[in-house]
Amino acid sequence: CQKQLDVNPRERILETSYYQNQQEAFTGLVAVYDQLGNQSSGYLTKLNLFSSASDDHFAGADSPSDLGDMQVMNNYTVNSLSGGPSYLWSKGFTGVYRANILLKKIEGITMDASTKARYIAEAKALRAIFYFDLVRIFKNIPLILAPVEPSGMFDVTQVAPADVYKQIETDLTESLSALPVTIPTADAGRLSQGAVHAVLGKVYLWEEKWGPAAAAFALVNGTAPGASTYGYKLLPKFADLWNWKNKFNSESILELSYNTTSNMGWSNVGSREGNVMGILVGPRNYVPVIAAQAPDYVSGWSVMPITKELFDLIHYDPRNKPTVANLDSLEKAGIVTYKHANDNTGYFVEKYAGRVSTKAAVGQLELNFGQNMYEIRLADTYLMEAEALLKSGAAVGSGTRAYIFLNAVRARVGLNPVAVTMDNIMKERRLEMVAEGQRWFDLVRWGLAPTKLAFKGFQANKNETLPIPQAELNNTKILQSKEWGGTK
Amino acid sequence: QDIPVTGKVTEQNGSPLPGVTVKLDGTTRAASTDANGVFSIQAPVGGKLTISLIGMAAQTVTVPADGRINVSLTADSKDLTEVVVVGYGTQKKALVTGSISSVKAKDLESMPINRVEQALQGRTSGLTIASGNGQPGSASTVRVRGFTSFASSGNNDPLWVVDGVIVDNGGIGYLNQSDIESIEVLKDAASQAIYGARAANGVIIISTKKGKEGRLSINYNGFYGTQAPAKKLKLLNASEYAMIRNEAYSNSFNAATDGTFTLPYSNPSSYGEGTDWQSVVFNDDARRQTHEFSVSGGTNKSTFYTSFGYLDQEGIVATPISNFNRANIRINSTFKPAKWISFGENLGYSHSVNSSLGNTNSEFGGPLSSAIHLDPITPVIQTDPTAIGKSPYTIANIIKDPATGFPYGISGPVGQEMSNPLAYIQTRLGNYGWDHNIVGNAFLEIEPIENLKFRSSLGTKLAFYGSESYTPLFWLSPSNTNTKANFYREMNMTINYNWENTISYSKSYGKHHAYAILGQGYYMDNNNRGLNVRFNNIIAQDFYQSNLNYKPATADIQGDGSDATLHVVNSLFTRVTYDYDEKYLFTGIIRRDGSSRFGTNNRFGYFPSASIGWVPTKEGFWKENNIVNFLKLRGSYGITGNDAIGDFSYVSLVNSGRNYTFGTTDASIIGWSPAALSNPDLKWEETRQTDIGLDATLFNDFTLSASYFKKKTIGVLQTPSIPLYLGAAGGAAENVGDMQNTGIEFEIGYRKKIGELNLGINANLSTLKNKVTKLLPGREFIEDNAQSFQGMGNFTRTGIGRSFNEFYGYEVAGIFQTQAEVNAYRGPGGTVLQPTAKPGDIKFANLDGNESINGSDRTYLGSPLPKYTYGITINLAYKNFDFVAFGNGVGGNMIFQGLRRLDVTYGNWQNSVLDRWTPTNPSTTVPRVADKDLNGNYTKFSKNYLEKGDYFRLKTLQVGYNFPANVTKKIGAQKVRVYLMSENLWTITKYTGYDPEIGGTVLGVDRGIYPQARSFMVGLNVGF
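Line order of the protein sequences matches chains A and B. Counting in the numbering used here, the first sequence runs from 4 upward without gaps. Counting in the numbering used here, the second sequence runs from 2 upward without gaps.
Only chain A is shown next, with the shape it has when bound in the complex (with noise of 0.2 Å):
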């Protein structure tokens, strides 16, 4: 009777039976990836997160306590039970499972070996930028650099910062030689050398070691604009870089890519591929009144509506257009009709709001579209690079490097150039980059959060970080940090 009772599993795959070859070794590497682009169920992003705690955009959505995982941090009363942490905490620790398992797995597989060690280092650098995000979210986290073996789970304990910041560095410098320099287009969205290059840049901004910085993102840009050996390349209109049939563009470096294809529905929000921000940035209860002249909107959810200060500062710059849908002056000339919800200044985001015609053709259509969002271009590297050799005392002056990449981005809007300054840069990265992800992370690593975000609520010396989720302390060795009421 022993036989009787092995039954079929009914295509449920072992995990000791699987990872058995290049296709199965390559699923894997997808899963990490997949990690990249993760949303919650409740449809919050690393973007919508922190856009809502910085001095662009208000929470918004239909009341104060809608979507309140947002509204804590727009408000600043995140505590360890929100769901924010919880998220970005999971979404981060996740990808490092997923690329742990893989490096685990990977050795025992027979195949071909370029592949292979191509396999190794995405999963590398992939483990490495979601350690970035964790450590500079979090700051005291655990490092963990294979599967923990269910005996130890409970025994993790956290290390220093410093620590995590030099495995980033070492994961990301070993992956790069196993690398393709460039990516052809029906892999795009895979990691390149220069994708590294630059996110190794990023770490080191982070870090304040100005010169390293430098370095990578002088690789990442090449010796001029336009002449990056990676092909990068500015996209000669601004607003191009919204249309999001030009995914994987010439300017893009690191991207996170999104389909219409997949089929989300209300009851599997996040768990498959359609990208949630477009109706989340959609004016709520958009109604076009003049058809003709009304932007073609989805009727969205009016989350992160763009602050008054932001439109005033962006109202006169050539990317005011492209980056903030201004309801406020269609409903003033009668054109359309939308709600005024929580938070609302009238001013929303154009980059990426949902459109009628960018609808997906299956699924909830309104969770199904399928624009990719960056996160490091081209403009931003040159931005970043200006900014470390600025820091780094290195000349700025015109004619210089820093002045070139600086003013290169605003010449393809058809701004006159500026100085370099930090006034300058700030402002220019500020505008640039509108809503996409930037602004909060950039205002801690200015020391400018206390004060340009004193309004909402911000504490200095509590709020750069978020605190470590209740759960992760339940039973565990892991200690709440300092700022948060803890020990660490």
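Treat each hint with caution, since some may be false.
[What the hints assert, rightly or not] Below 20 Å or equal to it, Euclidean Cα-Cα: the simulated SDA-like pairs (lysine to any residue) are:
#: 1; chain 1: A; residue 1: 485; chain 2: B; residue 2: 722
#: 2; chain 1: A; residue 1: 465; chain 2: B; residue 2: 827
#: 3; chain 1: A; residue 1: 342; chain 2: B; residue 2: 398
#: 4; chain 1: A; residue 1: 491; chain 2: B; residue 2: 849
#: 5; chain 1: B; residue 1: 391; chain 2: A; residue 2: 332
#: 6; chain 1: A; residue 1: 480; chain 2: B; residue 2: 722
#: 7; chain 1: B; residue 1: 9; chain 2: B; residue 2: 33
#: 8; chain 1: A; residue 1: 491; chain 2: B; residue 2: 832
Rather than coming from a laboratory, the hints here were simulated on the basis of the structure.
Following the hints, complete the assembly by docking chain B onto the known chain A.
Only chain B this time, still in chain A's reference frame:
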């Protein structure tokens, strides 16, 4: 000299008693009464006839010269001859050494019971039963002697055995209550162990009615009635709502971020009463009806029982999309062509069709939740031309009232997925779910030599179920829209079966009586497979037009399917019973089960039990007296198991769906990664139970049954959540802890005839203390299957020394009265603990004594598990009238009152908010109102959310009238009874929600439960 003796046996009230045995003393000659209560037998004048029927006091009468005898039997309070069903057999109640509670058909007659769980609630001790919700046809949560396991997926549900066929918990709803002959609840390990690996949560054995030898018996019972909600919440009217909204806005206004100060409503009192959304969703006249018809009879060679039942019940909430009907057919027959062989079948078929709200205890999306939250200012139907000309009424696909053509009112303030309930109903009209169930068995029994029986039984559950739905284009709110009309059909099937073979032998030698049974069983379940298809952009305009012949473009056809993993159990079992003179009693059981759910290391489990009994009243030294007529002391110990952990939990599986997109093809690439960690040492969950009790008859009229039990579960099976830093989607299933349940149970019966009044009272009381005694090393608590509420996070926790899923949150230290109090509330180091608080906000206790109010200040706040449950039934009969009152209750538990959503800031309030803190109303426990809850008055789970859950409910009240025999004879009937009945007439509780009876994995979590209806019915019972 024998003469033909004829006679009639009746009950006290004159109704005939069929199946009564009439035996001539000193001979084996016997006869039984037919459906009219009539018997005939050959007997000598002056001979003694013993007239007996189970449950009735036997009488001995002397045969008179004319051979005519009429006897009226009275109920026997001693019930010593009563037989109870035990696993794989029956046993005389007087000899039972386990703890078994019974409910008989007589107790259920004409009761308004749609599902079998309701037949048990309050009628036996040892059970905690709470209706899942008031949606017609929905299941109840049933716990036998507490919780033995942590996990949610059925692990705590008892094993249901219907005529020997194991039926999964969700599938028990197919039974028709009037087909039930008896229900036995096996509560202690000694009774359960015969079901071994699946018995730890208790076993409930249901026997359906069989035909009896004699004349055809034809019965009809039916009732018809109306239902209404028993209670409405007290919600704010429109002007109160506007006033509170203004106050909440003002209290949160921040000039730095909020622009100009503009009150939401400039003149609150102008709105008057506004819309009462509850009366929009509730139906005060929802109909229900039940009809049951049966025919039974038999000869000494064969018997049959066949029945047809139909019930139809409308829901009281959103009736057009909440209703249920079920039709049943049953055919039970036995054949005994020769003395040594019998065979037959018990076969039940049911077909049900239901429309369900879906979210019956959920804060999300249901019409009831919308009715609680929608602002009372929005009209049900928007007829104002100015409003109709503007957004949102100009948005495409808004829903209009079919009668008037005007759009249904759309709330401005309340969004999310909430919507006008009438509009919501329009989007789901016609959608339904259905099922066909065939559950039954066929058996063969051979008795080659006397007392040696071989029995083989093949049982099956064959189920087909599915649903059909049409979703029109609609716009209900920004986050509740559909832009592609679609039609969806789902079909599933299950074929489970079990095959059991037993051999038994009984032998009496003098005063020694012994019985042994040896059996083998093979069980296969979860054999499910399903297919579904969705046609998008279907051209049909509504559900009734939709069908799959309207082919859309290929890209608009989506299909999917599913296969479940088989669950197989292989068993050997034996039971031995012995008694000496019915005085010293012993039962021993051992079962060996193998389950497909465990790895080869721990695949088989052994489940032994033993029980003993002693009947001192049978001893020579016990003088017959009128105080203690009968006394039995019993004790048992045994081990039972539980394998309900899910399949392949002992290994790590890899899952797909970790997809990503490369390139510009706009398509997903499939990624795989492990789903969980593995644990090859996973083993059986074991429950060890000690039971001590007594059964007694006192003062001739009282019966008393009392038990004490201690039940300890070792190695509770659970897939505990693991730290997120491990990154794996899930942990391995583990034997994570030990848990103990202890309790005392009483069942008391009293029967008395006072003149023409027959009085019967049955009452029961059970206590339960549930405690987790051990968890894995290093773990003080677990939060798996914990309950959470929107942004609040988990608010229940299972900790060592605590009961399963106790409420866990912040203690309230009061309400801040002044800003000075806020500023003075500091940690030991001087940090202001609640810097964002304002006067009127909750002061949370700083339990960990550090410098902040955070997660570690939370504590255990009470248990959702009732400390005691009880029930009482009173039967009265006077001449032709009869009366039944039945009530049940629970006490000592807490309920989470989660009727207001945290993320719907502008939703309506319950009128308790009128007692909110204001400078002029300082002594209150209700914090101030504020749009932005920076202090967490509501977003932090505090004791303010908990209420006492004690209740007593008058469940059924029935008054009947039996037409006298001279009237019924005119239409040829034996019995004609009419009755009036009310269900849930009256509930005593302090709980402020709709209904204090809330089932679920964790009891007592109210997210807006669909309440049970109060109904009034009129019924008719006719027997031929």
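Q.
Next pair to validate is residue 465(A) with residue 827(B); report whether the Cα-Cα distance is within 20 Å.
A. holds (18 Å)
Q. CA of residue 391(B) to CA of residue 332(A), is that 20 Å or under?
A. holds (18 Å)
Q) Does residue 491(A) pair with residue 849(B) here, judged by a C-alpha cut-off of 20 Å? A) holds (17 Å)
Q) Does the alpha-carbon distance linking residue 9(B) and residue 33(B) stay inside the 20 Å limit? A) Cα-Cα ~11 Å, so holds.
(Q) Just to be careful, I want the Cα atoms of residue 491(A) and residue 832(B) compared with a cutoff of 20 Å; is the pair within it? (A) Distance ~18 Å between residue 491(A) and residue 832(B) Cα, so the pair holds.
Q.
Holds or violated: residue 342(A) and residue 398(B), Cα atoms, limit 20 Å.
A. holds (17 Å)
Q.
With the threshold set at 20 Å, check whether the alpha-carbon distance from residue 480(A) to residue 722(B) stays at or below it.
A. holds (16 Å)
Q) Does residue 722(B) lie within 20 Å of residue 485(A) when you go C-alpha to C-alpha? A) Outside the cut-off at roughly 26 Å; violated.
The structure does not agree with numbered hint 1 stated previously, though it agrees with all others.
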